[in-house]
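**Student:** With the hints as constraints, model all of the structure from the sequences given.
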Amino acid sequence: MSDAPATSQAPKPFALTDGAKVHVIANPQSAGGSTSKRWDELLATINRAVTPITGLPVETSLTTGPWDAARLATQALKDGADQIIAVGGDGTIHECINGFFENARLINPDAVLAILPAGTGGDYRRTFGIPTDIEQAADICARGDARSVDLGRISYVADDGSKETRYFNNIASFGLSGVVDRAVNKATWPKMLGGKFTFAWCTLWAALRYKPEPVRIKMDERYDEVFNVGTAAVAIGQYFGGGMHMAPMAEPDDGVFDVVIMTDTTLKDLVAGDGDLYKGTHIQSPKVIATRTSTLLALPIDENAEVLIDIDGEAPGRLPASFEILPKAIRLRT
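Numbering follows full-length UniProt numbering, with no gaps: position 15 of the sequence shown is 15.
In short, the hints are calculated from the structure, not lab data.
A hint or two may mislead.
[Claimed, not checked] Once the Cα atoms are required to be at most 25 Å apart in a straight line, the calculated BS3-like pairs of lysine-lysine come out as:
(1) Lys328 <-> Lys12
(2) Lys21 <-> Lys328
(3) Lys218 <-> Lys163
**Tutor:** Structure, rendered in structure tokens:
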């Protein structure tokens, strides 16, 4: 029998501890407004999971308009928050992550992001297997591992013609997906039938109107080709469009983008093509190019063409655009 004294298990790196400050940022309009109706229940569930560890109730902020989550995350981190919990969909997560940065630097490099899913798409959480069950998701927010994950940085032309830069955590894309995003964000009645239906309906609606545009794509100074782009995805996570398995080989912490280019995509390809976009078998199609890169530049051949971009489910602008990987840039509770 060993005479060695008993030792307690070492805490996980960046685990929540006594006195840690946790700030919840919620979009009450997410999930078609149901987050607002369930807010008391959601907040109580989060506090039941977090407060026994930290000894403190969580602090809360509710968004009231576009880019509020980014602003609120920035202020919370400046005020000393150790963890941000994003309550909403992919757009809320996207904004919160942008709020972690100021002047191209992390405000608090040790801060952790956690997710309580409550939105239309829910694509980012799928890559990590974060459940939609609120009790289980809250437990991960409190006790999950803090995993270092990649981010992307994209520079593009905004709708007003100015140049803008954002960070993205899941998938940035261009082509048909940008048109779909705008349709989803404007949709009303389809959202009553769920996120997957909304994205599928809007994809079919957009595909009837979209004409593939020639785009010059340059990657890592080794690849320079022109494609008639249906949709091109620059991926960190695997899913977009309400469950479409766009980049099935993507790993969110491998330090590279998975690039999936669907050339000359038609409505027929989407509904009866060589592969199933929801199962990820579309990459077997001869019309699909799949590769990896750390940088990408996308330039429309026709300078007057409006090739719209999608960034984590948001549609803020158009090509030309540049993409850069930021390896293990942020910690995510999984």
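**Student:** Are the hints correct? Go through all of them and say.
**Tutor:** Now the hints, each set against the structure:
1. For the hint pairing Lys328 with Lys12, the CA-to-CA distance comes to about 18 Å; that is within 25 Å, so the pair holds.
2. The suggested pairing of Lys21 with Lys328 holds, with an alpha-carbon distance near 23 Å, which does not exceed 25 Å.
3. With a C-alpha separation of about 19 Å, the suggested pair Lys218 and Lys163 falls inside the 25 Å cut-off, and the hint holds.
Hint check: no violations occur; every hint is consistent with the structure.
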